[in-house]
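Enquirer: These protein sequence lines map, in sequence, to chains F and H.
Per this note's numbering, the very first residue in the first sequence carries number 1; after that it's consecutive.
Per this note's numbering, the very first residue in the second sequence carries number 1; after that it's consecutive.
Calculated directly from the structure, the hints in this document are not laboratory data.
Check before you lean on any hint, since a few could be wrong.
One copy or two, either will do: identical chains are not told apart, so a pair holds if it fits within one copy or between any two.
[Claimed, not checked] Okay, derived cross-link-like pairs now, EDC-like style, lysine to aspartate or glutamate, Cα gap no bigger than 16 Å in a straight line:
1) Lys191 x Asp175
2) Lys75 x Glu64
3) Lys119 x Glu328
4) Lys340 x Glu67
5) Lys75 x Glu96
6) Lys191 x Glu249
7) Lys53 x Asp344
8) Lys189 x Asp23
9) Lys422 x Glu297
10) Lys93 x Asp358
11) Lys191 x Glu35
Protein chains: 2
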Amino acid sequence: MRLVVVGGVAAGMSAASRARRADAGLEIVVLEKGERISYAACGLPYLIEGRVKSVDGLVVHGPEFFERQRDIRVKTGAEVVAVRHPSREVVLKSGERVRYDKLIWAAGARPAVRHGGGKVFSLHTDTDGERLQQALASQAPRTAAVVGGGYIGLEMATALRARGLKVELFNSRTDLLNREDPWLTALLKEKLEQCGVAVHSNTAVDDAPSLPFDLVLVATGLKANVEALAEAGAEVGRSGALRVTDRQETSLGGVWAAGDCCEARHVVTGSDVWIPLGTTANKTGRVAGANAAGLRERFEGIVGTSIVRAAGLSIALTGLSAAQARREGLRPISAEITAKNRPDYFMPRRLWIQLVADSMTGRLLGGAVVGEEDASGRINVLAAALHARMKVSAVEQLDLAYAPPYANVTDPLLTAARQLAKLLD
Amino acid sequence: MRLVVVGGVAAGMSAASRARRADAGLEIVVLEKGERISYAACGLPYLIEGRVKSVDGLVVHGPEFFERQRDIRVKTGAEVVAVRHPSREVVLKSGERVRYDKLIWAAGARPAVRHGGGKVFSLHTDTDGERLQQALASQAPRTAAVVGGGYIGLEMATALRARGLKVELFNSRTDLLNREDPWLTALLKEKLEQCGVAVHSNTAVDDAPSLPFDLVLVATGLKANVEALAEAGAEVGRSGALRVTDRQETSLGGVWAAGDCCEARHVVTGSDVWIPLGTTANKTGRVAGANAAGLRERFEGIVGTSIVRAAGLSIALTGLSAAQARREGLRPISAEITAKNRPDYFMPRRLWIQLVADSMTGRLLGGAVVGEEDASGRINVLAAALHARMKVSAVEQLDLAYAPPYANVTDPLLTAARQLAKLLD
């Protein structure tokens with residue numbers, strides 16, 4: 001019995017490893033179109049910032065590790081261009097055919113607009129990172145345009161500033177981080193500009209190479225790599241990513257999908273959404289691998305948690321903003337607070353918290369935590385609350401840890417929940 | 001209509017403030033036996049460490065603030081020695097009587113063994129803190145014994161080391177932090193000894209003044225201040241603290257209680273327990289104040305979350321240890337992991353995580369997070385999971401935030417949950 005996994009980064013290697021633990025006898029083959037597997041793509045901005053010296057510093061395990069330790073055969077440079085599901089085989093770009101009994105599609109995503117030449121760069125793969133790193137070293141650019149106001153845009157604006165470039169950010173949308181949140185956008189814009197990054201909102205860039213900057217980084221969103229599988233008949237959702245069940249099954253029998261190429265159930269709305277992130281890729285990869293190997297596991301879904309470091313801030317989001325909730329037909333209400341994260345004698349830092357609730361039920365719908373220090377702990381509490389479908393009145397009473405080095409006796413999260421609870425009364 | 005609040009620290013001032021917001025017409029009188037109200041007692045170890053210069057630096061608001069801003073009358077130096085409930089009056093030590101219509105008992109707790117002389121110190125009140133601070137300044141002690149292995153013992157051993165004293169810690173129990181956890185005790189003991197604090201376990205100290213140290217700090221637990229109310233007929237639980245309903249009602253009509261003097265429902269076990277902490281004092285104070293003012297609010301209970309900084313570690317606990325779960329008649333199973341908290345290129349620090357689950361149901365029962373950096377974010381996620389009665393299989397799939405500055409793509413919490421889930425399979 002042969003399991004073929006298409007894609008050797010986060011979801012693919014998680015799937016292959018989980019399948020191996022579930023079934024020691026399965027033959028497992030991973031096909032990766034690039035030259036590296038299992039690298040931490042989320043670390044690429046830190047390669048550009050200079051904190052990571054080479055892409056190899058982002059590689060978790062090489063093919064040898066998987067072959068020797070986990071008996072997983074890894075083929076790099078193996079791009080799948082077609083799936084012949086009736087005959088259970090995939091066709092590689094080289095023309096080679098690889099037979100499968102079971103297939104896990106973990107082909108990831110790619111930049112919606114691909115720029116590969118001259119002074120214009122993407123930052124999605126290991127080779128993108130290397131190309132940009134080399135350009136910074138050899139061409140010593142002095143000005144950079146970053147096109148896109150999502151998390152990669154913000155990380156890269158920050159990284160290029162850290163390298164000493166003069167940076168301007170062009171965002172085709174009104175809002176930053178696709179959050180549809182004027183409060184958050186205003187806060188981030190102010191902080192970016194304090195760091196010397198000029199932000200141009202509502203400014204679409206149609207012709208990136210013509211921008212008068214030494215270097216142009218385009219990070220205007222992704223597109224799921226579904227074509228070969230879709231042509232074989234797999235159902236694709238409105239997002240353009242693969243539809244899957246909560247067992248990561250595609251609409252093709254014996255074919256599972258995981259990671260950036262597929263949708264996931266949003267626990268807050270109950271809808272299938274496409275939010276490609278490494279964390280979800282790992283989890284869905286594991287579920288796909290377990291099920292392909294004959295177990296029955298379920299992916300419970302996501303709540304849309306993310307964090308990004310930019311402009312000296314930690315910006316953490318989960319669930320829905322008020323505008324996003326309105327688009328789901330809900331009647332949201334929100335509260336924002338600014339607080340210190342600790343008592344005055346422990347060098348407190350500033351923290352901005354926004355909570356969104358459904359005014360009809362009092363249920364928490366989402367939150368944002370922005371901090372001059374780490375905001376991940378507090379956003380993760382909100383994420384857990386969203387998974388548990390908690391009401392704001394329950395969030396307000398959470399038994400959170402307190403000692404002066406870490407928090408105030410009433411944690412700012414609880415203060416924000418109290419503010420929101422007052423509005424719900 | 002007059003509401004009298006006995007106790008002017010965390011629970012009492014929260015209760016009075018909440019009652020005022022609920023009912024602008026209520027007459028509110030706070031009786032505090034000490035000279036200061038509304039100070040952050042949890043900050044006292046940092047007064048001793050030298051980070052806070054005077055107790056006044058721990059005062060949140062003075063009586064003037066409450067009188068002027070909230071129309072709350074505050075009487076300090078007013079110790080209640082008797083409650084005459086049939087005639088609705090409390091009797092002060094001075095002999096003065098204060099009439100009430102409604103009463104909130106927020107009299108706190110006191111050290112189980114009171115040491116007030118010579119080289120022996122407690123650290124519970126503002127005046128305890130000042131006495132010890134003065135002794136350190138004027139007598140320049142060189143050696144200190146800390147008696148007690150709870151959180152104050154650990155904080156004070158650390159604070160006195162930071163002041164340059166040679167410190168030994170005497171613990172009458174086998175375990176540190178009352179957790180009944182050999183894993184945690186071994187880890188903390190090792191770290192304390194690395195910091196130069198000798199730890200003597202199973203070593204009861206009967207005669208503190210005779211210990212051959214320049215200074216002896218006794219922190220051997222607390223006793224709830226219930227006597228006057230208990231003599232008036234209020235029911236006391238087996239813990240020695242007041243029994244209350246989830247509306248913070250005592251067994252006396254028109255008398256509520258909050259804070260360190262009363263028990264609280266433990267969400268994990270469903271039992272009433274006594275875990276006096278400032279966080280709970282604030283929350284129960286608010287609920288008592290709301291209900292005394294005619295609203296109907298409920299306290300949902302605690303999960304036993306705490307954090308302490310000691311020996312260069314953040315030690316955070318929530319829920320039950322395995323031994324504690326066994327004493328509740330459960331069949332716990334636990335897993336421990338050691339992990340780095342971030343990728344190698346972001347200067348990772350070490351993190352120890354322990355999770356405990358019920359082997360019969362898979363439900364999470366408790367956890368410990370010990371870190372060389374802040375552990376509060378991750379313990380709070382576990383606290384939220386305990387409030388939500390999550391299974392380990394749900395914890396394993398939490399959508400937690402990831403970016404390289406903050407975590408690994410699989411957060412160590414999820415890794416620990418996976419380990420435990422494997423044991424549960």
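Enquirer: Against this structure, judge whether each hint is valid.
Expert: Right, here's what the structure says about each hint:
Taking the closest pair of Cα atoms, Lys191 and Asp175 come within 16 Å of each other only inside a single copy of the chain (14 Å); across copies the shortest separation is 48 Å, beyond that limit. Taking the shortest alpha-carbon separations for Lys75 and Glu64, only the intra-copy value of 11 Å comes in at or below 16 Å, while the best inter-copy value is 74 Å. For the identical chains of this complex, Lys119 and Glu328 are neighbours neither inside a copy (40 Å) nor across copies (66 Å), given an alpha-carbon limit of 16 Å. When the C-alpha separation of Lys340 and Glu67 is checked against a cutoff of 16 Å, the pair qualifies neither within a copy, at 50 Å, nor between copies, at 25 Å.
Only within a single protomer do Lys75 and Glu96 lie at most 16 Å apart by alpha-carbon distance; the minimum there is 12 Å, versus 87 Å between protomers. With identical chains, the CA atoms of Lys191 and Glu249 are never at most 16 Å apart, being 43 Å at best within one copy and 48 Å at best between copies. In this assembly of identical chains, the alpha carbons of Lys53 and Asp344 lie at most 16 Å apart only when taken from different copies (12 Å versus 38 Å within one copy). With identical chains, the CA atoms of Lys189 and Asp23 are never at most 16 Å apart, being 51 Å at best within one copy and 42 Å at best between copies.
For the identical chains of this complex, Lys422 and Glu297 are inter-copy neighbours only, at 13 Å across copies versus 41 Å inside a copy, given an alpha-carbon limit of 16 Å. Within a single copy, Lys93 and Asp358 get their C-alpha atoms no closer than 50 Å, and across copies no closer than 51 Å, so neither meets the 16 Å cut-off. In the homo-oligomer, the alpha carbons of Lys191 and Glu35 never lie at most 16 Å apart, since the shortest distance is 38 Å inside one protomer and 44 Å across protomers.
Consistency with the previously given hints fails for numbers 3, 4, 6, 8, 10 and 11, ordered from lowest to highest.
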